[in-house]
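Trainee: Chains W and R, in that order, are what the protein sequence lines are.
Residues 1 to 363, numbered by the working numbering, are exactly what the first sequence covers, in order.
Residues 1001 to 1363, numbered by the working numbering, are exactly what the second sequence covers, in order.
Derived by calculation from the structure, the hints in this document are not laboratory data.
For each residue, glycine too, the CB sits at the ideal point set by N, CA and C.
There could be a bad hint or two in this list.
[To be verified] Some chain W residues well away from chain R (every beta-carbon gap over 10 Å; in silico):
id: 1; residue: Glu13
id: 2; residue: Asp44
id: 3; residue: Lys55
id: 4; residue: Ser58
id: 5; residue: His66
id: 6; residue: Lys89
id: 7; residue: Lys101
id: 8; residue: Ser139
id: 9; residue: Lys142
id: 10; residue: Met146
id: 11; residue: Asp157
id: 12; residue: Tyr251
id: 13; residue: Glu268
id: 14; residue: Asp299
id: 15; residue: Thr309
[Said to hold, decoys possible] Subject to a maximum C-alpha distance of 35 Å in a straight line, what follows is the list of computed DSBU-like cross-link-like pairs (lysine-lysine):
id: 16; chain 1: R; residue 1: Lys1318; chain 2: W; residue 2: Lys296
id: 17; chain 1: W; residue 1: Lys342; chain 2: R; residue 2: Lys1009
id: 18; chain 1: R; residue 1: Lys1082; chain 2: R; residue 2: Lys1009
id: 19; chain 1: R; residue 1: Lys1296; chain 2: W; residue 2: Lys69
id: 20; chain 1: R; residue 1: Lys1046; chain 2: R; residue 2: Lys1025
id: 21; chain 1: W; residue 1: Lys68; chain 2: R; residue 2: Lys1069
id: 22; chain 1: R; residue 1: Lys1359; chain 2: W; residue 2: Lys69
id: 23; chain 1: R; residue 1: Lys1007; chain 2: W; residue 2: Lys101
id: 24; chain 1: R; residue 1: Lys1120; chain 2: W; residue 2: Lys342
id: 25; chain 1: W; residue 1: Lys101; chain 2: R; residue 2: Lys1182
id: 26; chain 1: R; residue 1: Lys1181; chain 2: W; residue 2: Lys82
id: 27; chain 1: R; residue 1: Lys1325; chain 2: W; residue 2: Lys163
id: 28; chain 1: W; residue 1: Lys287; chain 2: R; residue 2: Lys1089
id: 29; chain 1: W; residue 1: Lys163; chain 2: R; residue 2: Lys1007
id: 30; chain 1: W; residue 1: Lys89; chain 2: W; residue 2: Lys68
id: 31; chain 1: W; residue 1: Lys182; chain 2: W; residue 2: Lys306
id: 32; chain 1: R; residue 1: Lys1318; chain 2: W; residue 2: Lys89
id: 33; chain 1: W; residue 1: Lys163; chain 2: W; residue 2: Lys186
id: 34; chain 1: R; residue 1: Lys1009; chain 2: W; residue 2: Lys3
id: 35; chain 1: W; residue 1: Lys120; chain 2: W; residue 2: Lys55
id: 36; chain 1: W; residue 1: Lys18; chain 2: R; residue 2: Lys1287
id: 37; chain 1: W; residue 1: Lys291; chain 2: R; residue 2: Lys1184
id: 38; chain 1: R; residue 1: Lys1163; chain 2: R; residue 2: Lys1120
id: 39; chain 1: W; residue 1: Lys25; chain 2: W; residue 2: Lys45
id: 40; chain 1: R; residue 1: Lys1055; chain 2: W; residue 2: Lys296
Okay, here's what each chain looks like letter by letter:
Number of protein chains: 2
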Amino acid sequence: MTKKQIKSKEELEFFGKKLVDQVDKGKNPEIKFTLRNLSNIVFDKKSETLKLGDKTGSRSFFNVAHSKKFLQTVEVASIIKKELLESGKHEHLRGIFYMSKRTIPGTNVNIVDDQIESDKSIEDLEVITGLSREQMHVSANKMGSMIGNVILEDSGDTIDCSKLGKGGYSIPSITDELEFKKIKAKYVLYMEKASTFERLAEDKFWDKNDAIIITSQGQTTRGIRRLLQRISEEENLPIYVLVDNDPWGYYIYSVIKYGSIALAFASERLTIPNVKFIGISCDDIIKYDLKRQLIKFTDQDRTRLKQITDYEWFRNNKDWQRQFKMMKYNDSKVEIQALSSKGISFISDIYLVNKIKNKEFLD
Amino acid sequence: MTKKQIKSKEELEFFGKKLVDQVDKGKNPEIKFTLRNLSNIVFDKKSETLKLGDKTGSRSFFNVAHSKKFLQTVEVASIIKKELLESGKHEHLRGIFYMSKRTIPGTNVNIVDDQIESDKSIEDLEVITGLSREQMHVSANKMGSMIGNVILEDSGDTIDCSKLGKGGYSIPSITDELEFKKIKAKYVLYMEKASTFERLAEDKFWDKNDAIIITSQGQTTRGIRRLLQRISEEENLPIYVLVDNDPWGYYIYSVIKYGSIALAFASERLTIPNVKFIGISCDDIIKYDLKRQLIKFTDQDRTRLKQITDYEWFRNNKDWQRQFKMMKYNDSKVEIQALSSKGISFISDIYLVNKIKNKEFLD
């Protein structure tokens, strides 16, 4: 076992021992933890992230309303300790569900019936123990690719991400265990679209501009958020986010910077306060004459824009409010790929180079 | 330009020259091609694939109903020749749409208004010229990962897919241009789920069993189908498909083997007649006692199963009809991840090893 595994295992054992102690003392076993529900999610002005507040709850074994969830949490903790940490293996959320889906001995009652139950138990354990899901060896989506002057170690292999053709390195679901051996770059460019990534890979944009390029497809996975955060913190590199000019693209940036309600309890390990938005901005539409490429908003787009405009962290930000106002006026969106209308490599040769040279970022 | 690019360029030039010839002779320019609509899609018993029939159609310039599509086809051909093949660059379907979305000079009419129009033009050109979309440098989804004893060349880089940790090689959207330098494996295992891929990667299944493991997420992309077909044909390796025990999983296998209606015109370049289905079969549910892991069918599942049962290529296949009958009886599905309930590495150590040793395949 690695030191990290031992630490995680000890945290889970400590959780278990406290329960055994209570039993030994003839008490009703009780688990205390910070509440994760909406009423306890706050926007912390100091760290500028979504976080959990101070409200705590407890779950006790001899309480009809609590006992099943209590059991689920203990069962999942036991699976994580025995099957994952002690073997050094990792398992996906869906696999943990199947591993915990067994009957309570002597009954016909399942410990869990639905994945949401084991998922919630894992989140409980994150809050109770302070361990991240990744530290407990529980993974989720494998998604995304990376190319750039990054030499990393993954499971004993030394991988040079500048020598992987146009395909690149396939990012694993858990990126906490990757070790950066050497990084030579001025910044990281993260984009929501794999097609943009392929354009930049073919143009060797990363090589010409000393950049690391990373993509997922749509919403950023937890693994990629951790990867970006680690490069930002450990290597002190700026992270630029390239998304569509629409509320959905802007929200991708918002989650990377400020966190999300669903993962507010994990903000510290996932958010990147100094990440910057590189485009597509509403100013770009004018500057690069993309008006002909506008796509009319749907009602869904309009509702989403309204929601984002009202977010606490955007509400008093003049630059962002200006963007939202322009977007509302346009009542339309522009996709990253619209830049192709200006020339196949316009994005690599002109757009991104200018943006970075002139520091045209939104913060 | 590479030889391949020159050949593709010549094909497109030939297409253009024929039109110019007609104009020079004072004729109404006309494009003839095999029809791609449903009435001309047949299941070819000899090749056992979905193919286009003999029906042809034509499109002429001086025909009000044809002229716009005629123009679109010529415009897209011109973009592909000038912007892609002559520069050696590649562009995604969405990018081609934006590149062709301009007004007809002197009018307010757009050449294309919607991506479906440029997409259809590209399909037209595939049928007219005999070139694949990939040969015309047009790409679509980048998806999936590969690990195994494969040394390949991608854009000048030599990549050893056995030394890429647990992440692996990120498969590009176009795999036609990859060059296999050395492959040392007994078979390829293709799976629909990236989580299964991560399990096998962590267990070094590929190393212990001399296998190449490949995954996408859900439906198989054209790039991965080409990759599998090339390994099958060029390296003469068996391809095994691992999917969920449900109509959707079975359909993934069906497409890889027999083709699909949407891409019937490209079957020759995509289907793999000797691919084998490794699981999850309905027999596995009994053999490996997965009954507790069954998930009840929805109405959608039932309808889909009925459709697949009636497919021409399955209709007289006793083994498959037996599967469909059992599945209908179960009225439930089993996911690959359900194998985790038997132990975290049960799939790597027992299930797949047994299946391959005993040649428990469906054909």
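Trainee: Would you mind marking each hint as holding or not holding in the structure?
Mentor: Structure-based check of each hint:
1. Under the 10 Å C-beta cut-off, the non-interface status given to glutamate 13 of chain W relative to chain R holds; the minimum distance is some 20 Å.
2. Every Cβ of chain R is farther than 10 Å from the Cβ of aspartate 44 of chain W; the closest lies at roughly 33 Å, confirming the non-interface assignment.
3. For lysine 55 of chain W, the non-interface assignment is confirmed: its Cβ lies about 34 Å from the closest Cβ of chain R, beyond the 10 Å cut-off.
4. A cut-off of 10 Å between C-beta atoms confirms that serine 58 of chain W is not in contact with chain R; the least separation is 31 Å.
5. With a minimum CB-CB distance of about 26 Å to chain R, histidine 66 of chain W clears the 10 Å threshold, and the non-interface call stands.
6. Distance check on lysine 89 of chain W: its Cβ comes as close as 6 Å (rounded) to a Cβ of chain R, failing to clear the 10 Å threshold; non-interface status is violated.
7. With a least beta-carbon separation of about 6 Å from chain R, lysine 101 of chain W fails to lie farther than 10 Å from that chain, contradicting its non-interface assignment.
8. Interface exclusion of serine 139 of chain W from chain R breaks down, the closest Cβ pair being 7 Å apart, not more than 10 Å.
9. Some Cβ of chain R comes within 10 Å of the Cβ of lysine 142 of chain W; the nearest lies about 4 Å off, and the non-interface call is violated.
10. The beta carbon of methionine 146 of chain W sits about 8 Å from the closest Cβ of chain R, which is not more than 10 Å, so the claim that it is off the interface is violated.
11. The Cβ of aspartate 157 of chain W sits about 4 Å from the closest Cβ of chain R, inside the 10 Å cut-off, so the non-interface label is violated.
12. For tyrosine 251 of chain W, the condition that its CB be more than 10 Å from all CB atoms of chain R holds, with the nearest at approximately 20 Å.
13. The Cβ of glutamate 268 of chain W lies farther than 10 Å from every Cβ of chain R, with a closest approach of about 25 Å, so its non-interface assignment holds.
14. With a closest Cβ-Cβ approach of about 20 Å to chain R, aspartate 299 of chain W is found to remain outside the 10 Å limit, as its non-interface label requires.
15. The Cβ of threonine 309 of chain W lies farther than 10 Å from every Cβ of chain R, with a closest approach of about 28 Å, so its non-interface assignment holds.
16. Taken as a hint, the lysine 1318 of chain R and lysine 296 of chain W pair is broken in the structure, with Cα atoms around 52 Å apart against an allowance of 35 Å.
17. Taken as a hint, the lysine 342 of chain W and lysine 1009 of chain R pair is honoured in the structure, with Cα atoms around 23 Å apart against an allowance of 35 Å.
18. Restraint check for lysine 1082 of chain R and lysine 1009 of chain R: the C-alpha separation of about 9 Å stays at or below 35 Å, so the hint holds.
19. A C-alpha spacing of about 24 Å is found between lysine 1296 of chain R and lysine 69 of chain W, which places the hinted pair at or below 35 Å, so the restraint holds.
20. Using a Cα cut-off of 35 Å, the hinted pair lysine 1046 of chain R and lysine 1025 of chain R is violated, with the two alpha carbons roughly 42 Å apart.
21. Between lysine 68 of chain W and lysine 1069 of chain R the alpha-carbon distance is near 63 Å, which puts this suggested pair outside the 35 Å criterion.
22. With a C-alpha separation of about 44 Å, the suggested pair lysine 1359 of chain R and lysine 69 of chain W falls outside the 35 Å cut-off, and the hint is violated.
23. Between lysine 1007 of chain R and lysine 101 of chain W the alpha-carbon distance is near 58 Å, which puts this suggested pair outside the 35 Å criterion.
24. Between the alpha carbons of lysine 1120 of chain R and lysine 342 of chain W the distance comes to roughly 22 Å, so the proposed pair stays at or under 35 Å and holds.
25. Distance check on the hinted pair: lysine 101 of chain W and lysine 1182 of chain R sit about 44 Å apart at the alpha-carbon level, beyond 35 Å; violated.
26. As the CA atoms of lysine 1181 of chain R and lysine 82 of chain W are separated by approximately 42 Å, the hinted pair breaks the 35 Å bound.
27. Only pairs whose Cα atoms come within 35 Å are accepted, and lysine 1325 of chain R paired with lysine 163 of chain W is rejected, the gap being roughly 50 Å.
28. Restraint check for lysine 287 of chain W and lysine 1089 of chain R: the C-alpha separation of about 26 Å stays at or below 35 Å, so the hint holds.
29. A threshold of 35 Å between alpha carbons decides the hint, and for lysine 163 of chain W with lysine 1007 of chain R the separation of about 29 Å falls inside it, so the pair holds.
30. As the CA atoms of lysine 89 of chain W and lysine 68 of chain W are separated by approximately 27 Å, the hinted pair is consistent with the 35 Å bound.
31. Annotation: proposed proximity of lysine 182 of chain W to lysine 306 of chain W is violated, straight-line Cα distance about 43 Å (limit 35 Å).
32. Of the pairs offered as hints, the one joining lysine 1318 of chain R and lysine 89 of chain W is violated, with about 40 Å between alpha carbons and a cut-off of 35 Å exceeded.
33. Taken as a hint, the lysine 163 of chain W and lysine 186 of chain W pair is honoured in the structure, with Cα atoms around 18 Å apart against an allowance of 35 Å.
34. Between lysine 1009 of chain R and lysine 3 of chain W the CA atoms are separated by roughly 58 Å; this puts the pair beyond 35 Å, and the hint is violated.
35. Proximity of lysine 120 of chain W to lysine 55 of chain W is assessed by CA-CA distance (about 18 Å); at most 35 Å being required, the pair is judged to hold.
36. A hinted pair counts as satisfied when its Cα atoms are at most 35 Å apart, and lysine 18 of chain W with lysine 1287 of chain R does not qualify at roughly 42 Å.
37. For the hint linking lysine 291 of chain W to lysine 1184 of chain R, the alpha-carbon distance of about 53 Å lies beyond 35 Å, and the restraint is violated.
38. Straight-line distance between C-alpha atoms of lysine 1163 of chain R and lysine 1120 of chain R comes to about 40 Å, which puts the hinted pair past the 35 Å bound.
39. Between lysine 25 of chain W and lysine 45 of chain W, the direct Cα distance comes to roughly 43 Å. Violation of the 35 Å bound is thereby established for this hinted pair.
40. With a C-alpha separation of about 39 Å, the suggested pair lysine 1055 of chain R and lysine 296 of chain W falls outside the 35 Å cut-off, and the hint is violated.
The structure is inconsistent with the numbered hints 6, 7, 8, 9, 10, 11, 16, 20, 21, 22, 23, 25, 26, 27, 31, 32, 34, 36, 37, 38, 39 and 40, although it conforms to all the rest.
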